[in-house]
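S.K.: The primary structure of each chain is shown beneath.
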Amino acid sequence: MISKNNSPFYLVLKRELIRMTSRKLYLGICIVLPLFCIFFMATIFGTGQMENIPIGIIDLDQTSTSRNISRTVSTVPTFKVTKHYTDIESARKATQQTKIYGYLVIPNNFEADVMAGRQATLSYYYHYALLSVGTEIYGAFESLLEPLSMTPIVTEAMALGISENQITNVLVPVNTQTHPLYNSGLDYSIYLTNPFFFILFQVIILLVTVYIVGSEIKFRTATQWLETANMNMFTAIVGKLLPYTVIFCIIGIFANYILFGVMDIPFSCGFLPLNITTIIFIIATQAFGVFLFSLFPAIGIVISVVSMVGSLGATLSGITFPVPFMYSAVYYCSFLFPVRHFVEINQNLLYGNYGFAYTWQNVSALFIFPLVALLMLPHLKNAILSHKYEDIE
Amino acid sequence: MKILNNMKSNLKDIAELISREFRTIATSYSILLVLIGGIFIYGLLYNYMYQPNVIRNAPVVVVDKSNSSLSREYTRLIDAAPQVTVYSNEVDFIAAKELMKRNEVVGIVYIPKDFDTRVKRGEESIFITYGVTEAFLYYSALQEASSGAMLELDGRHRADMVVFLPANDVQQIAQSSPITISENILYNHTEGYGNYLIPAVLMVIIFQTLFMVIGMISGKERESRSIRLFAEKGTSLSRVSRIIISKTFVYCILYAVFCLFLLGLLPVIFDLPNLGNVYEIVMLLTPYLLSISFLGLSASIFFTDSETPILMIAFFSVGLVFLSGISYPLELMPWYWQAAHYVIPAAPGTLAFVKLNCMGASLADIQTEYITLWIQCGVYFILACLTYQYNIKKAIRSTDLIKNANHDYNN
Chain A
1 MISKNNSPFY
11 LVLKRELIRM
21 TSRKLYLGIC
31 IVLPLFCIFF
41 MATIFGTGQM
51 ENIPIGIIDL
61 DQTSTSRNIS
71 RTVSTVPTFK
81 VTKHYTDIES
91 ARKATQQTKI
101 YGYLVIPNNF
111 EADVMAGRQA
121 TLSYYYHYAL
131 LSVGTEIYGA
141 FESLLEPLSM
151 TPIVTEAMAL
161 GISENQITNV
171 LVPVNTQTHP
181 LYNSGLDYSI
191 YLTNPFFFIL
201 FQVIILLVTV
211 YIVGSEIKFR
221 TATQWLETAN
231 MNMFTAIVGK
241 LLPYTVIFCI
251 IGIFANYILF
261 GVMDIPFSCG
271 FLPLNITTII
281 FIIATQAFGV
291 FLFSLFPAIG
301 IVISVVSMVG
311 SLGATLSGIT
321 FPVPFMYSAV
331 YYCSFLFPVR
341 HFVEINQNLL
351 YGNYGFAYTW
361 QNVSALFIFP
371 LVALLMLPHL
381 KNAILSHKYE
391 DIE
Chain B
1 MKILNNMKSN
11 LKDIAELISR
21 EFRTIATSYS
31 ILLVLIGGIF
41 IYGLLYNYMY
51 QPNVIRNAPV
61 VVVDKSNSSL
71 SREYTRLIDA
81 APQVTVYSNE
91 VDFIAAKELM
101 KRNEVVGIVY
111 IPKDFDTRVK
121 RGEESIFITY
131 GVTEAFLYYS
141 ALQEASSGAM
151 LELDGRHRAD
161 MVVFLPANDV
171 QQIAQSSPIT
181 ISENILYNHT
191 EGYGNYLIPA
201 VLMVIIFQTL
211 FMVIGMISGK
221 ERESRSIRLF
231 AEKGTSLSRV
241 SRIIISKTFV
251 YCILYAVFCL
261 FLLGLLPVIF
271 DLPNLGNVYE
281 IVMLLTPYLL
291 SISFLGLSAS
301 IFFTDSETPI
311 LMIAFFSVGL
321 VFLSGISYPL
331 ELMPWYWQAA
341 HYVIPAAPGT
351 LAFVKLNCMG
361 ASLADIQTEY
371 ITLWIQCGVY
381 FILACLTYQY
391 NIKKAIRSTD
401 LIKNANHDYN
411 N
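If you're matching them up, the sequences are chains A and B in order. Just so you know, we're using this note's numbering here: the first sequence kicks off at 1 and counts up by one. Just so you know, we're using this note's numbering here: the second sequence kicks off at 1 and counts up by one.
These are calculated hints, taken from the structure and not from any lab test. Heads up, a few of these hints could be off.
[Stated by the list, open to error] The list that follows gives simulated cross-link-like pairs (lysine-lysine, DSBU-like), each with its CA atoms no further than 35 angstroms apart: (1) 24(A) to 101(B); (2) 24(A) to 403(B); (3) 24(A) to 393(B); (4) 394(B) to 24(A).
[To be verified] Facing chain B, from chain A, some residues (calculated, C-beta under 10 angstroms): (5) 102; (6) 119; (7) 152; (8) 175; (9) 182; (10) 184; (11) 211; (12) 263; (13) 311; (14) 318; (15) 347; (16) 349.
For glycine and all other residues, C-beta sits at the position ideal for the given N, C-alpha and C.
Work out the full structure: start from the sequences and follow the hints.
M.R.: The following block contains the structure:
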């Protein structure tokens, strides 16, 4: 008769708790590193707004009109005019040194040309070598200078007694209003903090899972581990992973609280669906780790493979460059990563909470990962008992 | 003569240490796997994944309430933009929202009922664009397409609008010309995402793999206690510095070849930006590899077996890209991350490489990063020596303890 306290599951769990607390390493990788990730992702973007980007102005005209334009440029929140250069060459140099990220050139005789109705040109320069900054500068310059280009005509018309409204309607008959949905301020911390924390986190989860299972084989304690579990691989693996599942879930929920509660990142659903998604994601990731490890249960080899697989998650989650626009082979491979499904579900929840009807495929996919890992368990058990993988390094 | 002998024995010592290090690397599957997988497979894979480079033909849906020739002309213009393609223009707003929820379109262009009539009355007509922000690239694709189409449409219909101005004034107004706005992209004018990200990723790959390999080697030494073998010729600082120099020599030789592949060959194969002067890139890589090696050897104080380094290092690859200031400007980060930028070689190294290679800067333009890397070399070299001395002594002490304990036990 097996009492509750002597059930194999309980014994494996107890054994694991003792192993966990016996090494400082576990504290470091299970708690300190994830907390560091939360802190890093929450603070790295500063305010999250790309504001006060250093730019330069080259005013070769030095008239009241050109100074007026300079002043207007410096009022744009995106820009911070750090320096007025006297020639284009030195501004280009400063751009190469990333002291500034772009510059505006007001040419010689600009005012005189405008007054006389001759062709006058305002040139702005920026670069896409640092793409995200370049996009911001381009957007800010365009929205500032496009209306400015019409001012000579508007001034002329107004002098003739035509109202400003009337002349702008003639010049710009069709206009646009653009609305970014959900992240209306195009805020970088809203955009990246939440997904990237979980991208870093899933690498940690994968590696920890591989390490804790693999270290049993490496330190030749795996047979003892299986015996504690009464030779039942399922009991052994669940009892072993459960403490980590609990720790990771607590950290995941804490991260959700920090990101959405403290940092006030907007979200359309309640905390409950977010946290449930996080828990399912953590379990799926652990299962993915078990699956990868079972393929070739030699820790030295597989842990470096898993670290690479984990880092691929950053690309294949589709946060930075949308996956549907990559090659189709890459696009279909992305579905093999739990983090891709997690990001899809989370974006749905955050952006509008459209409902389960739009995410059931992703949720089901996350549930498939544990099943696939289960299929590999007999192989893992054989591998442990064969002692073949202990010395592969 | 004595000095010469001394030098000779030192060099012999270094040569032995070097061959031992080469043997360690060549006989470990896991280290070879990190090198081959991390450098060759990852290098190729990343390039392949980002090869599409730009967003083309992102699907948008047009809700055309106006149903006029003007609105259809506008739809055609949007469809003609390379960034987007019109998925459909026959749906109402509710169906359009449904398409967006199902991720089938990345934006909605709403053309109101009076779009055409307002223009014909001489009033300003407005259309509304809604874009998803799941990926900023989607949003900027939609924005560029819709504003480009708007400018074109305005240009085409401006002449028709002149009838709304007093006939006498038209002549005079037409004489003033608008200011030309000229937009100039200096570097990466393809606007490619891969062209922007890959050079930085390659530098981070160099850092991460080298850091991991060093951690694995020194972790292995401590785990198997083979680190004690270094003590056979004493643990003086000069001897330890010879160990550090020999190890670093091996890493730099190996990585010279890998850098040739990553930074020399891959840009040619995949058409990455390649503006840098080879000599200057080598000048940058010298302190970069040295400082990574020294940092890795200093960090060995934390690594007690050959797997922990991977656990502690691998997760942060993405963080290093952020920290380098490539994706988000350094100036906008809080001060402590700006400070961290100067502590980890990957951050200034990556930024300096992007400046050299993608923006055609010269060594003078990367002055700050270059000096930072050399200072890191100095500091981390001293730290590495001290760490190794400490680790060797600790390993000896713990074996002595075991020996003594056994001795006492036997007595």
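S.K.: Under the constraints set out in the numbered hints, which ones does this structure not fulfil?
M.R.: Structure breaks hints 1, 12, 16.
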